[in-house]
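S.K.: Heads up: the sequence lines are chains B and L, in that order.
For the record, in the first sequence the residue sitting at position 34 is 34 according to this note's numbering, with numbers rising by one throughout.
For the record, in the second sequence the residue sitting at position 62 is 175 according to this note's numbering, with numbers rising by one throughout.
Computed footprint of chain B on chain L; a stretch qualifies when at least three of its residues, placed anywhere within it, have a C-beta under 8 Å from a C-beta of chain B:
no.	region
1	151-160
2	212-222
Each pair of labels, with its calculated beta carbon distance range:
no.	chain 1	residue 1	chain 2	residue 2	range
3	B	S65	L	K153	21 to 29 Å
4	B	Q17	L	G195	38 to 46 Å
5	L	S175	B	R15	40 to 48 Å
Quick caveat, the hints were computed from the structure, so don't treat them as lab data.
Even for Gly, the Cβ is constructed at its ideal location relative to N, Cα and C.
One-letter residues, chain by chain:
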Amino acid sequence: ETGVTQSPTHLIKTRGQQVTLRCSSQSGHNTVSWYQQALGQGPQFIFQYYREEENGRGNFPPRFSGLQFPNYSSELNVNALELDDSALYLCASSLQGRADTQYFGPGTRLTVL
Amino acid sequence: EDKVVQSPLSLVVHEGDTVTLNCSYEVTNFRSLLWYKQEKKAPTFLFMLTSSGIEKKSGRLSSILDKKELFSILNITATQTGDSAIYLCAVEPGTASKLTFGTGTRLQVTL
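Excised from the complex, chain B in its bound form:
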């Protein structure tokens, strides 16, 4: 089990609502990446934060936004939820530039009705 924690574990929202997911990094890690994993698919990169700045973004619309805090924890915000946003959201912390140090949290299962 890694030191990466995520909250909440499960969440149910309705279309049009907004959601905030939280992630605490592994001790010593300075980078956080967020992934969306739809059922039956591999994780898809949303964005990465390093030193509180966005450091790379995947093909996700601007309604997906994030923050990283001075203690390296992070939030993922999704506005105007759509049915297709239903997925497992995974947070991974790492040392910058070291993909082999990337530890994933247990994820937040988001259901949009």
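Starting from the known structure of chain B, fit chain L onto it as the hints suggest.
M.R.: Same frame as chain B, but now just chain L:
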């Protein structure tokens, strides 16, 4: 756009069998290829490969990369029921730690 294709999509084997999982990729400015095991939710790191022809080994698991043909394989020998999981392959470009994952191979090991 970076792309990873894994095969087979799913596999059922008997305990003690040997399995080979495949991963082919296209990536801009290749930096590394990684294998993960996903049992319930959090993928756990297995291997990172950066150089062709060098086998990485951990117990019954091993992996090798062919950068010329753009593929990697993950071998599991003497499979056990605890090996049942989804195995994910991902590639990392040279620009950032943005991983592109394949769909995964679902392995089920039966008694």
